[in-house]
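**Student:** Given the sequences, and given the hints that come with them, work out the whole structure.
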Amino acid sequence: MSRRSASLYISLFVGTLLVTEGSAQMITVGSKNFTENVILGEIAMYAFQADGLEATHRPELGGTRILWDALLAGDIDIYADYTGTIIEETLFGEVETVGQLPEVLAGYNLLVSPELGFNDTYAMGMTRERAAELDINTVTDLKRHPDLRLGFSNEFLDREDGWPSLQAAYGLPHTFVRGMDNDLAYRGVDAGTIDVTDLYSTAAEIREYDLVSLKDDLEHFPEYQAVYVYREDLAMKHPRVPQILAQLGGSIDEERMIALNALAVVEGVQETAIAADFVSNHLELSVPIVAQTESAVTRLLRYTKEHLILVLVSLLAAVFVSVPLGIMAAKLPRAGGLILGTVGVIYTIPSLALLVFMIPLLGIGGPPAMVALFLYSLLPIVRNTHAGLLSIAPDLIESAQALGLPFMTRLTRIELPLAARSIVAGIQTSAILNVGTATLGALIGAGGYGQPILTGIRLADTSLILQGAVPAAVLALAVQVGFSRIERRVMAHELG
Amino acid sequence: MTQRLQTFRHDSSGGIHSVPSHERRPVLELKGAERYYGETVALHPTDLAIAEGKTTALIGPSGCGKSTMLRLMAGLITPTAGSVLFNGRPVTPETVHAIRRKIGYVVQEGGLFPHMTAAHNVTLVARHLGWDPGPINARLNNLLQLVGMTSDHLARYPSRLSGGQRQRVSLMRALFLDPDVLLLDEPLGALDPMIRYDLQEELRAIFRKLQKTVIVVTHDMAEAAFLGDTIVLLKSGRVVQHSTMGDMLALPANPFVTAFLRAQRAVPQPEIV
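Protein sequences appear in the order of chains A and B. Position one of the first sequence corresponds to residue 138 (my numbering), numbered consecutively onward. Position one of the second sequence corresponds to residue 47 (my numbering), numbered consecutively onward.
I should point out that these hints are in silico values taken from the structure, not numbers from a laboratory.
FRET-style restraints, in silico, Cβ to Cβ: (1) ALA615/A - LYS255/B: 54 to 64 Å; (2) VAL618/A - ASP238/B: 39 to 49 Å; (3) ASN183/B - SER528/A: 28 to 38 Å; (4) ILE241/B - VAL618/A: 36 to 46 Å.
Glycine residues also receive a C-beta, built at the ideal position from the N, C-alpha and C atoms.
**Tutor:** Given below as C-alpha cells:
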C-alpha cells in the first residue's frame, strides 16, 4: 500500500515539475487546438508582455471542454472563445443572449473581454467547382441532393448548435454523415471523398482549397464573436488586464483573421511570429521579441524527453502497483476476480474521456496524462503477473512448500522468478501501448511526440506529423528490442 | 466389498499387520486421518504407523489415495478429520514449517526449479537458513558421493540434466538438511525402463546405507517389492493390507490383494524375503 501511494506521489511530483513554470505573477494563456485560437492566444500573451506583465502561452490544449475546465481550475487564466460557443454549448440553458453573458460568467467568477471584431461562425462549405456543378448556393439547396456525402468535425457533429440543430432547421435528408478531424475534412472535400463539410467563416482553407460557403438562408447559425474569457482573480492581480483587452477589442475583422490564419496554414509562418508582428505593427505596441527559434534537434530532444518521462513514470508506477495486485489476484482467488475486473473496466475507458475527467482533479499537462497512462498500464501487467503465477507447474509449488521455505521466500525466490517471463511480457505490452497512447497526452498539454502530430494535423503539415510519428514508432521499436533482451536474460536457464 | 474391507481393517490391527511394529517406534502416524476434496473422499479414516528406519512402499491403483496419504505425511495438505503425528507430535499449521525441514520430499519429475543451477537447487534451504559456505560445500561433496555424481553436473541448469540425473539432484536436495524421513512420490515414474532399473538398485543401496525412514509411492508392484521393507496396499481410499511382501503372498487380507499381485507382469524377485 505504501509503495502504491509512493509511486503515485512520484508521478505527481515529476508531473508537477513539468507543469510549474514561472512565478505566481505569471499569466497563463491557454488556447484550443486550432490555428486561429492559437494565434489569438499568442496575441494575448504578447499584448500582456508589451505592457510589462509576465505571460506565457500553453497552446493547443484541446477542445472547448478542456479549456473551460482548465480555466475554472485555475490552470490557465485566460483563453479566447466565441460567444456562440459559450451560449449554445458551454453554458447551454443558462444564458440566452450575448447581453446576459457578463452576468452569467460572473457566477463562475469569470469575466469577458470586448468582442475582437470578427464572427467566426459555422458555414457549410463545398469546393467552388462541385457547388457550381450541382447549382448549390444556399444550405436549402442541399435538400435537392440527398445523396451528397457530408463530413463534419466531430465537435460540429456532436454539439447542440452544430449538425443536429442544422439538420432539424433545414430538414436535411442526408444519410452519409461522418465525423472526422476538421483539417482532414477540408482535405476530404478537396480530394472529393466528401462533398460538404463544416467551415469556420475565417478559415484560411477557404482560400487554400478554393471553397465557397453556402448561404445560411434561414439564418440558423448564431453569432460566433471572438472574445477572451478570463478569471476574475486575474483582473484583481493585474488591474491593467481589462484595459489591455479593451485595446484589443475591435482590432481584428474577418478579413484580417483570414489573412492571419492563412499566414500560418498556407505560408507556414509560426503563430508566434504572426502574433508578434500583428501586436507590434497593427496595435503599435512594442513586443519584447525573444528569439524563440528552437532548432529541429533541440525540439526533437525536448519532445523525446517529455515523451519518455510520460511513459517511464507511468510505467514505473504501474509496475509497483500491478505486480503486487497480480500477486494478490493469484493468491486470493476471491479478491482476484474483483482486481482483474476492475483493471479491465479501467482499461475500457476511452482515453480522451479519461483525460478530460482528470482535469478537474489534476489540471492540465503531465500529471493527468501520467495518471491516465498509469491506469491503462495496469491491466496487461496485473493480468500477466496473475497468469504467470498460476501457470507454474504444481509440483514446483509443492516442492517449494515441502522444502519448508516461508511464503515470502517462496514468492521472491521461486514463484516470481518462474513467472518473470510472463510479467516482463506484460510490462512490455504496457510500455509499447504507453508509447502510443502518450501521444494523446498532447491534447491536454502534456507535450511529447503528440505535440508535432497535433500541430501537424492542424496545419496539414505532413513533415511535422512525421516528426512526431516516426520517433514514436522508433521508440516503440526500441522498447520492443530492449524488452526482448531482458526476456532473454530472464530466460537464460532455458538455454543452459 | 467396501464393507468387507472396512471390517477387515478394523479387526486386523493385530493379526494381519505382521510388521513387528513394537520393535521400532513409529516416526509418522495417521490417527483416524481422513481427507475430502470437496464432496469427494480421497482417504477414508485411516490409522497407520510408519516404522523408523525402514522403507515403506505405498501402492495401489490410480486414485486409491496413496498420493493423498503422502501429502498428508509431508504436511502439504491437512486432514479433513483425524490427525497426523510426526515423532509423536501432531502436525499443525504452527509446527508444519519446522517439521518440513525434518522431512525430505521428492516429486515425480524431481521438482527442481528451472531458474536455478542444480547446486543452487540443492543448497537453497541451507542458504536460506544462513549456513556458511564451508559446511554447505562439505555436505554437497558428501551427497555427490552418495548419489554418484560430479560437481560438473551441479553447475548445470536442470534442463541440461538427464532424467536420472535430475532425480539424483532432487534426492540430494531432499537429503541436504539430513531429514528424519524421506518421502518420494513416484520418483522413478517418468524414467525409461533401463535407467529406472539402475536407479532402483541405487536407491535401495542409498536407503540401506542411510538407515532412514523412507516412504515411497509407486504404482509398480515389482518396484514396491524391491524397495519396500513393508508395503501398504490401498484401494479406494482405504488401506487393504499393511505387511511385508511375503505376508501379502502368504496371507492376503482379501481377494483384491491376490488380484492386485497377479495383475503385475513382473514377478516378485528372489531376493525379497
